[in-house]
Amino acid sequence: GTTESESDGPRIAVFINGTLGDKSFFDSANLGVQAIVDQYGYDVRVVEGGNDDTRWQPALLDLADGPYDIIIAGTWQMEQTVMEAATLHPDKQFIIFDTTVDYSDGKHSNVYSITYKQNEGGYLAGIVAASLTETGVIGAVGGIDIPVINDFIVGYIQGAQSVNPNIKVAISYIGGFVDSARGKELALAQFNGQRADVIFQIAGNAGLGVLEAAEEAGFLAIGVDSDQAAILAEDGRNDVANIIPTSVLKDVGASLKRAIDLNEDDLVPWGQAESVGLTEGSVGIARNTFFDALVPSSVLPLLESADAAIRNGSVQVDSAFGMDQARLDSIRAAVRP
Amino acid sequence: MLKLIKQRWLDQPLDNRFESIRFSMAIVISLIVTLVLVLLVSNEPLFALQQLFLGPLASIRKFGNVIESMIPLTFLGLSVAIMFSARQFNLGSSGALFLGGTVTAVVVLTLPLPGFVLSVVAILLGAFTGGLVTLIPAFIKLRFGASELVSSLMMNFIALNLGFFIILNYYRDPQAGSLASFEFPSSSLLVQLIPGTRIHTGLLLLFIMIVLIYLFIQKTKWGYALRMTGFNKSFATYSGISTGAVILYSQFLGGILAGMAGSVEMLGMYDRFRWQAMPTYAFDGVIVAVLAKNKPQYIPLAAFVLSYIRIGADTMSVNSDVSFQVIAIIQGLIIIMIAANAFLAKYRQRLVVQEAITND
Amino acid sequence: MPDIITMKQMYKVYPNGIVANDYVDFSVKEGEIHALVGENGAGKTTLMKILFGIEQATTGELYHNGQLVSFQNPQEAIKAGIGMVHQHFMQVGSMTVAENVVLGSEPKKYRFLLDRKKAIDDTAEIAEKYKFKIDPAMRLDECSVGTRQKIEILKALFHGAKVIILDEPTAVLTPQETEELFRELKGLKERGHTIIFISHKLNEVKEISDRVTVMRSAKQTGTYDTESISKEEISNLMVGREGLWELTKGKATPNESIITVNNLSVMDEQRRYLLDHISFSMRKGEILGVVGVEGNGQRELVDVLTGLNKASGGSIMFKGEDISKQSIHHIREMGLSHIPEDRMTMGVATEASITDNLLSIYFDKESFNNGVLLDQSSIDAWAKDRVKEYAIKTKSPNAQVRSLSGGNIQKVVVAREFSNNPDVVIADQPTRGIDVGAAQFIHNKLIELRDQGASILLVSADLSEVLDVSDSLFVMYEGKIVAYFDDVTNVSAMELGRFMLGIEAQDEEQIKRGIYA
Amino acid sequence: MINLLTPEFFFTVIRVTTPILFAAMAAIICSKSGVINIALESIMLTAALTGVLASGFSQNIFIGMVGGILGGMFIAGALAYFSLYLKADIILVGIALNLMAVGGTVFVMFVFTGDRGSTNSIRSLQFPDVNIPLLQDIPVVGTALSGHNILTYLAILSVIGVWFFLSKTTYGLRLRSVGENPDAATSVGIDVRKVKLVALLISGFLGAFGGMYMSMAYLSVFSTNMVAGRGFISLAAASMGQANPFGTLLAASFFGLMESVSYQLQAIGIPAQIVGMVPYVSVIIGLVLYAQYQQSLQKKKTLSKQLKEDPNEA
Ligand SMILES: Nc1ncnc2c1ncn2[C@@H]1O[C@H](COP(=O)(O)OP(=O)(O)OP(=O)(O)O)[C@@H](O)[C@H]1O
Ligand SMILES: Nc1ncnc2c1ncn2[C@@H]1O[C@H](COP(=O)(O)OP(=O)(O)OP(=O)(O)O)[C@@H](O)[C@H]1O
Ligand SMILES: [Mg+2]
Ligand SMILES: [Mg+2]
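Chains as they are written, first to last, in the numbering used here: chain E, 3 to 339; chain Y, 218 to 577; chain L, 53 to 569; chain X, 4 to 317.
Some hints could be false.
[Said to hold, decoys possible] Residues of chain E placed beyond 12 Å of chain Y at every Cβ, according to the derived structure:
#: 1; residue: Pro92
#: 2; residue: Asn112
#: 3; residue: Thr137
#: 4; residue: Gln160
#: 5; residue: Ala219
#: 6; residue: Leu296
#: 7; residue: Ser332
#: 8; residue: Ala335
#: 9; residue: Arg338
[To be verified] Okay, the calculated bits of chain Y under chain X, using three or more residues with CB under 8 Å as the criterion:
#: 10; segment: 365-375
#: 11; segment: 382-391
#: 12; segment: 536-549
Just so you know, the hints here were simulated from the structure itself, not pulled from any lab data.
The C-beta atom is built at its ideal place from N, Cα and C for all residues, glycine as well.
Kindly produce the complete structure, drawing on both the sequences and the hints.
Written out as structure tokens, the structure is:
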């Protein structure tokens, strides 16, 4: 819907190539938009594109044809389309998040790309999980077996190993982002079968099933993208929030807000990609009352030092991007319970 | 002039006349429902409706979108129509499309052939793969007598997983954020036909296929055998027609068309394999085929109508405040209304009686 | 006697534009047996469907016991005491006889549950009352045709029918069964029931009915006391012209045999013989009749001869080749034609055009295609000729077969099967349920083919047909041949009946006479 | 290390089977009355949402159940109206309804909760789990069989119920006669269309429980498209079970078993896509085996009889 208001700032359109309501990725982007509206009172229009990928390109081009100055879209699937639109409308500015367009040959000088070091967040989550497990087995339930998801997972494994080199990590993929019942079953299978007692969900809507499984069977679950414990608590679901020690934040909203803030001062590095992570405050883990209640204070120093080490570069977190399949397979196999 | 039109109208067979009236009435009623829904949810209903109905005509690019999305719809409509004509309720077209597209991606990424030859080979192999996907339920039905409706639905899930497995393990671009293959050699991509749109040479292939399938079903001896089997299988068997062969080739051909749709999409609309889920064409072919009453010659028209409605709906959802979920409801309604045969049945009976009495 | 049913100016147009009843007047007196006759497509069934509430008249008035009524559905008609026995059995094969009988007004216990015991008792009771011999607990699809016919009547009675419509009830019955049925009908009449009886067999009409109404092309052409009118007169009224009555059949001059069946057997899964080592010959220039009560192996015999089923033993030598395990296609290619027993399920594709139906065994022939594409113009011309030659009543050869009446549908089948100068014709119930004119047309065609040297196997439940048309015949009982007659002129229907019911059997030597060199 | 043949594993199988079982029973009722209900998917999805909304707003599980049932029956009623009364192709209507339900449920959810992904913000009630008094004390069996959600037991009762309804009640008799020979039913005054309507409504009723199990037992929220193909699986189960309630129970459990096995296989490192195929491949194999078994039973019919009863001429 449109957010009605009169202002003479840039008119902004955000294209969601999926639907809102995932309580994580796109909702986070939407929160950033609200923050922008709240602070600047700009005209921002958010358009949902639905799940049929063939219809995204026309929709984005429609928006680019429209009366907007800045067009924002996300995910790797929109990369081609954003490049196409940017070429067609050199007078307009584009922001793409969670991927980067191709800047070789100095093209796309009107596009700013934001990528996230979710592996850094995964690393910290791994530390929390490995510190909390009593069985020495932790778990991860992903949506599908793709690099963005695996980027979290390899960081998670590495972080967990930094606490306990012998840690075991059960890994399953739901095969999509909607079947929450299957998410629940996979988590329960890890809990019952592999004795995993802290399970990290990276599965959008389907991840809800993982959280519910934790609440029901009595293990801990780590959320993703947004501060899921806080959101659930806000919705009155304290029962579930109570078993979420933390969530890996991939704060798309913050990064968008940051981009608009920069734009106010004409500081956006148009024509470039920026990878944001811990340092930029766009990736991290949630620390809230639930964290305080579930994570013993002995873990805090571990997190602090890891945080510092990542920021100063003394710890290099593996990334699933550019990692070949064999390497990925061997990482996963090495920690299989 | 008006008189002449009226005369020509009355010269039409009653059924044609009635069908046109019914079709128009169905559209009118769905429009009224649409209007009501839009009035309910929108603050700018007139603008929204204008987007819905005229949006696709707003620019060459928009109209191009209609044609682009009509291409796979037509292929799938043909695919389903050929199987339904033989009364084989195989719903494996989406799996065939998916795996056909996958194999096309594999071929262009593997075979060291020059551009045009490569696309031709890739499309042929993709189409053939699609054929295999629908052939399996056909074979199971023939050999074991298990319903193809159910086994083909299962095949869709299998095809989806198999396709992902292949791309993920052998062709995945590790730099890509989502599941995606390496980029296709640009010479293998289908050539853009009309500048300013994504309409590609797949459209030409589509026209050829429409004509071929029309000829096949209506004019060839195999098409005849297929139709007779569809009308009454016992009759066909009794007449000495090899209905087992018909069961196999009708579904094989259906799969080939769906596989071809996947291949053409892959090379026409994408630059690499980047499907993340089963494309939602899943049941669109059935809608098109039923609307066209399984007649190949009407399938492009039905696909055009469906495609137009959808692009209009997308335009409405992008430009106005009507969300795309409302649009899903409107689309469904329009489709059902068009398909409602007994709608206005009483009126038709009046026409019939009138005609019978005048003929006396 | 007052009229129990009066139909005034009934007019009915079907959605396909066919006027089936053209302002028909029809009335039935209480307690009479009233016959309704007319050519195929004359509109008899339609008129009765209106009476029974299955179809609604376009215009017209229906009086029941003098009161203006209109039945919107069979339920209302049943409530008013009208029952209809359709020619095609309206039965559910997987249920028991009793369940079929009570269906629609089932005895209940605890309000919702089916009271099976009471259903059986009620069925037995009503069967007893009307002296019908049936086993209420039997599964329906295990019953014989004669029994199933009775069940249909019992159903109507069970639902309280005072007026019973019988649409061609005798088409599938043996003479004995027909006789029994007639006895039962007369019993019903004595108990005060009114019966409307549709038939194409005029001697039956003469035998059973009190009055007869004749229909011709959707119109009523008169109602007569049966006593006062002859078969010939009825027939003339039906067809609107004279002289259709005689069958012109010369003596057969059989030649050498073309098909020799030797020890042919068909078994079911339980290894029971459905066809039990039978041997006979079919000779050129001869019509060989096959009679038997339905379910005694005739269907299995036809199925193996035509390739629909495979033999489990023995051989069928046709032109020197054993076809007992050949495909239908191959057998047809060798010159065998087949008129199937059930035209609606096998003989035609009702949704397809007449042309397409005529083409089904020829489309692969060189004259009709160039190897890939069909030659539509020569097909159309050919089909037009067939429609003309076989006098198929239709607006156009492109009309769907479903828009034709029963007799005309059969003509489509016959036109197809006879147009390739077959060497052998397997004709299974070729005139079942079709009118005299059409039946005679088909009989004459069979004889014409015979005279051209074809060999014909005529399987029929209609004994008078077999006796009239065939030259020689054999009788089947429990999968075996129990009698062979090399000249039908010496046999009577009653005599055949005794063989059909297994009361008598010829000795082996006599049966072996049916095997020729 | 995998975890098969343990009580927990069988507990899982039963849990996975439950929603499919409900919908498969719905499919049986339809197929016995001679209609194909491909809209089970949307029936389940709609009921999953309306159940949550009704229970959330009323804070009464019974009202929630009624809401779910009405939602499922609404879709079934729409299917019946368009296919039986307006004579639209039933497969097409089913497909259109399925397409509409995905968007429609999100729309309704948004209107009522302001949410588009899941209904976390409203406090829906859940159907309770129940321990079966004596059963729970039996060592291994008790662990597997006791302590399920009440709907699971209801699902098993529904199998018996459907069997009882079809084979013992007068309405069941009528329904079967309509499916097997509609002309015969008409001829004794049964209103075929009405019976089919009732069959569809019953399937809406049963399917609704399948849907509610998803959102009010399995999980405690409704989330977008959460039925995820289970309606189709149910059709497969009913077809595999040849529309016999007990055969279908077996078929549905078989699917549940294979699905549960697939969860375990992932954990031991078999690629997700290969594992993802397991349940569907097993359904096909199951179909084949069952069809072959049926074929061998029915061979006593002659070919011509089989031709006349071609199952596809429906
Ligand atoms: N349901 C129907 N729809 C369209 N036309 C029909 C229908 N039923 C019958 N007809 C047509 O109406 C005419 C009268 O048919 P009807 O069945 O009443 O004839 P009939 O006298 O019973 O013939 P037959 O002796 O062959 O049974 C025929 O031309 C037939 O084709
Ligand atoms: N739905 C229909 N549409 C068009 N024509 C029909 C339809 N139903 C029946 N007919 C035609 O009406 C004729 C009479 O059909 P009906 O159902 O009354 O059977 P019947 O009189 O018992 O048939 P028969 O004389 O072959 O025993 C059929 O021959 C058929 O051609
Ligand atoms: Mg009739
Ligand atoms: Mg008749």
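Results for each hint:
Distance check on Pro92 of chain E: its Cβ is at least 16 Å (rounded) from any Cβ of chain Y, clearing the 12 Å threshold; non-interface status holds. Every CB of chain Y is more than 12 Å from the CB of Asn112 of chain E (nearest about 20 Å), matching its label as outside the interface. Distance to chain Y confirms Thr137 of chain E as a non-interface residue, since its nearest Cβ pair spans about 30 Å, more than 12 Å. Every C-beta of chain Y lies more than 12 Å from that of Gln160 of chain E, the closest at about 18 Å, which supports listing it as non-interface.
The beta carbon of Ala219 of chain E sits about 28 Å from the closest Cβ of chain Y, which is more than 12 Å, so the claim that it is off the interface holds. Annotated as non-interface, Leu296 of chain E keeps its C-beta farther than 12 Å from every C-beta of chain Y; the closest such distance is 31 Å. Once the 12 Å rule is applied to beta carbons, Ser332 of chain E is consistent with being away from chain Y; the minimum gap is 14 Å. Non-interface status of Ala335 of chain E relative to chain Y is upheld: no Cβ of that chain comes within 12 Å, the nearest being about 14 Å off.
At roughly 18 Å from the closest C-beta of chain Y, the C-beta of Arg338 of chain E stays outside 12 Å, upholding its exclusion from the interface. For the segment 365-375 of chain Y, the stated coverage by chain X holds: 8 residues have a C-beta nearer than 8 Å to a C-beta of that chain, and at least 3 were required. With 3 residues having a beta carbon nearer than 8 Å to a beta carbon of chain X, the segment 382-391 of chain Y meets the requirement of three or more and the stated coverage holds. Coverage of a stretch by a chain is defined here by at least three residues with a beta carbon nearer than 8 Å to that chain's beta carbons; for the segment 536-549 of chain Y and chain X the count is 9, and the condition holds.
Checked against the numbered hints given earlier, the structure satisfies every one of them.
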